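Engineer: Go by the hints and put chain V onto chain W.
Top line first, the protein sequences correspond to chains W and V. To convert, note that position 442 of the first sequence is 442 in the numbering used here; the numbers rise steadily by one, no gaps. To convert, note that position 196 of the second sequence is 196 in the numbering used here; the numbers rise steadily by one, no gaps.
Hints in this document: simulated from the structure, not taken from any laboratory. On a predicted model such as this, the values are computed, not experimentally measured, just so you know. Wrong hints could be hidden among the right ones.
[Unchecked claim] Some chain V residues near chain W, calculated using beta-carbon distances under 8 Å:
hint, residue
1, Asn186
2, Tyr192
3, Gly196
4, Lys223
5, Gly227
6, Leu233
7, Ile235
8, Gly283
9, Glu332
10, Asn431
11, Leu448
12, Ile449
13, Glu450
14, Ser463
15, Ser476
16, His483
[Stated by the list, open to error] Over 12 Å on every C-beta distance to chain W, these chain V residues come out as not near it, computed from the model:
hint, residue
17, Ala55
18, Asp139
19, Asp141
20, Ser142
21, Cys144
22, Leu198
23, Gly200
24, Thr226
25, Pro255
26, Ser287
27, Ser330
28, Asp429
29, Gly501
[Claimed, not checked] Capping the alpha-carbon separation at 25 Å, the derived lysine to aspartate or glutamate pairs in DMTMM-like fashion look like this:
hint, chain 1, residue 1, chain 2, residue 2
30, W, Lys162, V, Asp37
31, W, Lys162, V, Glu269
32, V, Lys96, V, Asp37
33, W, Lys96, V, Glu485
34, W, Lys38, W, Asp495
35, V, Lys162, W, Glu349
36, V, Lys96, W, Glu269
37, V, Lys162, W, Glu269
Positions of the beta carbon are idealized from the N, C-alpha and C atoms, including for glycine.
The primary structure of each chain is shown beneath.
There are 2 protein chains.
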Amino acid sequence: MAAAALLSVARQPSRTALFAFTRSLGTAPTPPRHSFDKISAQHISALKQIVGGDANCFTDATSLAAYNADWTGRYRGSSQLALRPPTPRAVADALKYCTQHGLAVVPQGGNTGLVGGGVPVYDEVVISTAALNAVESVDADSGCVVAGAGVVLQALDEELAKHNLMVPLDLGAKGSCHIGGNVSTNAGGLRYLRYGSLHGSVLGLEVALADGTLLDLLSTCRKDNTGYDLKQLFIGAEGTLGIVTRVALQAAPRPSSVQAAWIGIQTFEDVRRALRLARRHLGETLSAFEFVDRASLDVVLEGQHASMRLHDPLPDNPTPFHALVEVSGSNEAHDTEKLEHFLEAASEEGIAVDGTVASGGRQLAELWAIREGISEALARRGAPVYKYDVSIPLSCWYDIVTDMRARLSEAGYNDSSGVRVVGYGHMGDANMHLNISSLEVDDRIGNLIEPWVYEWVSSRGGSISAEHGLGQMKASAIGYSKHPEAVRLMAQIKDVLDPSGTLNPYKVLPSS
Amino acid sequence: MAAAALLSVARQPSRTALFAFTRSLGTAPTPPRHSFDKISAQHISALKQIVGGDANCFTDATSLAAYNADWTGRYRGSSQLALRPPTPRAVADALKYCTQHGLAVVPQGGNTGLVGGGVPVYDEVVISTAALNAVESVDADSGCVVAGAGVVLQALDEELAKHNLMVPLDLGAKGSCHIGGNVSTNAGGLRYLRYGSLHGSVLGLEVALADGTLLDLLSTCRKDNTGYDLKQLFIGAEGTLGIVTRVALQAAPRPSSVQAAWIGIQTFEDVRRALRLARRHLGETLSAFEFVDRASLDVVLEGQHASMRLHDPLPDNPTPFHALVEVSGSNEAHDTEKLEHFLEAASEEGIAVDGTVASGGRQLAELWAIREGISEALARRGAPVYKYDVSIPLSCWYDIVTDMRARLSEAGYNDSSGVRVVGYGHMGDANMHLNISSLEVDDRIGNLIEPWVYEWVSSRGGSISAEHGLGQMKASAIGYSKHPEAVRLMAQIKDVLDPSGTLNPYKVLPSS
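Okay, chain W solo, but in the shape it has when bound (with noise of 0.2 Å):
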């Protein structure tokens, strides 16, 4: 494939357009409301007086729009009243109220999630933690950053470079998403092969608890072992244990050099030999494994002539499989020189046949766009898109694809049907991206998706929420992927920290 057969798409997709034809499919029934009070003149008068006054509290339906809707479109609350508490103590203070007066609440952050779990889902009071927006110091010798928990991942990974440091974390939402709400949803991303979970790389956390707490979890230490780890609670909680307001992380040393190789592969199993030679060969240095199916590449390629440049023509006929791989580091030549032994290896040994490489810059962002632009020209191609987020046992990860295709053609919903089943993903973690798309709306699809999908990932000892957590979409199938019993301790502790449920009510636990 030549090198610069592809597309110059922002890595931060359109937040307008992106989803526009995706509904809500596939969820459980709206749980009923919970009997909370509803908000009255007195609750705003008072809240306004917590958040500091008008300016930092939204009424009126153009900016409560924003606060009610997710960015793909798919889920819609009806909230009256967002705050934008200007510090942690007034995050605190308005929950305390909140939950003195039995009204429900929703933490947003920069409102990027996928599964619905950061906008109100009935009349639920919107606080966001977009005003604690400061990053408060950089240690630059141990690599610690504390930052509230309205700044913008990007800008904080901008401060770090400032400091040859960088996030151990990379979204494709990165120029929106929050710290915060990183951390609240224990997001993964691309980074997560090389520098892995949140649950290792943040120190400390400030969190406004329901009774209005400020609990001050806020170590700077790499290490400290006094005491239950309480901070990870509420890593991955979703906002329904607590509201982060500070996170301590432990940054990662900046890498000097960033280069990336994406190739193609004939077949799955020659895929996963490739991810072990990436492993033997790259080492230290392997930064990223994405897996792209050809029908995922199929789909970006359709989509360029609408809407994308292109560079330069595909070959005829691409291969069934393509893997990008990302290598970075601290020494320039010899990343250059690990990448090229393991081309050369992955070439001889058959693995490989068809291979470009990209050395930073504009020929990187390209390699790159092809892989974030899949879930882009998903969304362009028109009516639903089925998106699920799931870990899978490598030694049968592709399988779900093959065994949906199939599931789905027997009942005829094929390619001439305009029914694409895609696969493409964090492979290098385990972490497929199984999309289904069709070009119109049809229940019957659907139902032949959901539950059978969730079943099948959960007899296969997977996860049917990798990195995007279960928000209001999955809260109802947490069983596929946790036993009874952890999902009674849960709902144990959810009760302990939020006995009279404020906190993003009807999200990642079974209502009950």
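Structural biologist: Just chain V now, kept in the frame of chain W:
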């Protein structure tokens, strides 16, 4: 310094001799025995049946002695019954019986802890997970290993080596400690700088709860965002919330090359510069940056004539500070070049005034033997060793040593009176091991050290236990590192999981 001015000391210190003279010092008074039931013949008979008979049930004084005393000789209980259940289910059943009958339990792994967390305080029933010693599965593709809690760390590492994998954890006690105990204490150790905390690398756990539930959180997925990450609660809970019975762990690729340099440095400010330089030049290959002060080195060198074999004389006048800098990676030539560049830069900038390089094998083991021989050499000086494992910001990291020396010296305790204050540790993680050795028992020394040392650490935002945990030793000192509302929340969580307080009483949390 000559390459081999070094000692051949086994990395696993002798469990019998070490700390023979170390007494329980500086700890809070032992809390009174809670009103648990006493063990009866009926209890023994019932529990014997649960764990599968005589072979797994110990009541004789000789057997009990090993379960009752920790390896430092500092903590000693008086349990009348030790159980070694053959299966996780039997662990849970034995625990359930104890809870139902008002008996207290202390879970025990390899019994290598340093804070008395794994031995009884009074007559708690010991439940050892030593029989759960099977490595159950290794997925060479994903790097996920599933093992019983009783697998010895070194055995686990050797099993993983067959798959070119490695446990992302290494300790001096690797020959004796168990992976279940490592998880329960959130063990840190020598690879932490590179691979981070067990909070990041444990994928799943199976845990026996006080009520007999065998909680299955044994995910083998690298990514799983389905609800609260409950397993995190048990990592570092020191057996007070449940007994870890099985562990799923993300192994790391095994490096094919390990090399190290020992450098001599004149000032502590230059040690900090050396760490920065190491991060820049060694990048992703840096696997350890260990600090040894002159006083620590002197203790090792003085001890060598008595018990260790000297290979080569040291220079007449070693520098005040030393760093052991290790690199490991997938390409020996690259790693060598990086290490050379680092040493050249350190030399050109006047940071390293002395240095030696070891590349694998005996030389490398000898360098590590100095670093790991400090603790044993201190114990061999005789009389008490006051040991503190703390996190301190690097900006004042070594001040605790000089401040402690000044404090004791003012009171007449100095080198000429046989009192040595030494500092060493995992400087790359800001983890200081402060040790005070004296030649005779003197309560005044203990009173000069505590609580001053905890106040000193606390006032600088450090942690009073970086990696050893709280156990018996520091349960009452938790307030120096955690706010009251955090300690209260810990107690609430303890109450959810173990309402009758069966599990490991008198440990971690202050006794009520």
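Engineer: Now tell me, hint by hint, if it's right for this structure.
Structural biologist: Taking the hints in turn, this is what the structure says about them:
The interface hint given for asparagine 186 of chain V holds, since its Cβ lies 5 Å from the closest Cβ of chain W, which is under the 8 Å cut-off. Contact between tyrosine 192 of chain V and chain W, as hinted, is supported at the beta carbon level, the nearest pair being about 7 Å apart and thus within 8 Å. For the restraint placing glycine 196 of chain V at the interface with chain W, the shortest Cβ-Cβ distance is roughly 5 Å, inside the 8 Å limit, so the hint holds. The interface hint given for lysine 223 of chain V holds, since its Cβ lies 4 Å from the closest Cβ of chain W, which is under the 8 Å cut-off.
The closest approach between the C-beta of glycine 227 of chain V and any C-beta of chain W is roughly 5 Å, which is under the 8 Å cut-off, so the hint is satisfied. Look at leucine 233 of chain V: its Cβ gets to within about 6 Å of chain W, closer than 8 Å, so that hint holds up. A cut of 8 Å between beta carbons decides the hint on isoleucine 235 of chain V: the least distance to chain W is about 7 Å, and the hint holds. With a least beta-carbon distance of about 3 Å to chain W, the hint placing glycine 283 of chain V at the interface is held under the 8 Å criterion.
Checking glutamate 332 of chain V against chain W: minimum C-beta separation of about 11 Å lies over 8 Å; hint violated. A least Cβ separation of about 5 Å between asparagine 431 of chain V and chain W falls short of the 8 Å threshold, and the interface hint therefore holds. The restraint placing leucine 448 of chain V at the interface with chain W is violated, with a minimum CB-CB distance near 23 Å, outside the 8 Å limit. Checking isoleucine 449 of chain V against chain W: minimum C-beta separation of about 18 Å lies over 8 Å; hint violated.
Restraint check, glutamate 450 of chain V versus chain W: the minimum CB separation of about 16 Å is more than 8 Å; hint violated. With its C-beta approaching chain W no nearer than about 4 Å, serine 463 of chain V sits inside the 8 Å limit, and its interface hint holds. Hint on serine 476 of chain V is violated. Least Cβ distance to chain W is approximately 12 Å, over the 8 Å limit. Against a cut-off of 8 Å between C-beta atoms, the interface hint on histidine 483 of chain V holds, since the closest Cβ of chain W lies about 5 Å away.
No beta-carbon of chain W comes within 12 Å of the beta-carbon of alanine 55 of chain V; the shortest separation is about 30 Å. Residue placement check: aspartate 139 of chain V does not keep its beta carbon more than 12 Å from all beta carbons of chain W (closest about 7 Å). Residue placement check: aspartate 141 of chain V does not keep its beta carbon more than 12 Å from all beta carbons of chain W (closest about 5 Å). Residue-level check failed: serine 142 of chain V sits 6 Å from the nearest beta carbon of chain W, not beyond 12 Å.
Not every beta carbon of chain W lies more than 12 Å from that of cysteine 144 of chain V, the smallest distance being close to 9 Å; the non-interface claim is violated. Leucine 198 of chain V, annotated as away from the interface, has a beta carbon of chain W within 12 Å; the closest lies near 9 Å. For glycine 200 of chain V, the shortest C-beta to C-beta distance to chain W comes to about 2 Å, within the 12 Å cut-off, and the non-interface label is violated. Interface exclusion of threonine 226 of chain V from chain W breaks down, the closest Cβ pair being 4 Å apart, not more than 12 Å.
Interface exclusion of proline 255 of chain V from chain W breaks down, the closest Cβ pair being 7 Å apart, not more than 12 Å. Not every CB of chain W is more than 12 Å from the CB of serine 287 of chain V (nearest about 9 Å), against its label as outside the interface. Non-interface status of serine 330 of chain V relative to chain W is broken: a Cβ of that chain comes within 12 Å, the nearest being about 3 Å off. Distance to chain W contradicts aspartate 429 of chain V as a non-interface residue, since its nearest Cβ pair spans about 5 Å, not more than 12 Å.
Under the 12 Å C-beta cut-off, the non-interface status given to glycine 501 of chain V relative to chain W holds; the minimum distance is some 15 Å. The hinted pair formed by lysine 162 of chain W and aspartate 37 of chain V fails the criterion: a straight-line CA distance of about 61 Å is larger than 25 Å. Of the pairs offered as hints, the one joining lysine 162 of chain W and glutamate 269 of chain V holds, with about 22 Å between alpha carbons and a cut-off of 25 Å not exceeded. Under the criterion of a C-alpha separation no larger than 25 Å, the hint pairing lysine 96 of chain V with aspartate 37 of chain V is consistent with the structure, at around 14 Å.
Under the criterion of a C-alpha separation no larger than 25 Å, the hint pairing lysine 96 of chain W with glutamate 485 of chain V is consistent with the structure, at around 16 Å. Under the criterion of a C-alpha separation no larger than 25 Å, the hint pairing lysine 38 of chain W with aspartate 495 of chain W is consistent with the structure, at around 22 Å. Using a Cα cut-off of 25 Å, the hinted pair lysine 162 of chain V and glutamate 349 of chain W holds, with the two alpha carbons roughly 23 Å apart. Straight-line distance between C-alpha atoms of lysine 96 of chain V and glutamate 269 of chain W comes to about 47 Å, which puts the hinted pair past the 25 Å bound.
The suggested pairing of lysine 162 of chain V with glutamate 269 of chain W holds, with an alpha-carbon distance near 22 Å, which does not exceed 25 Å.
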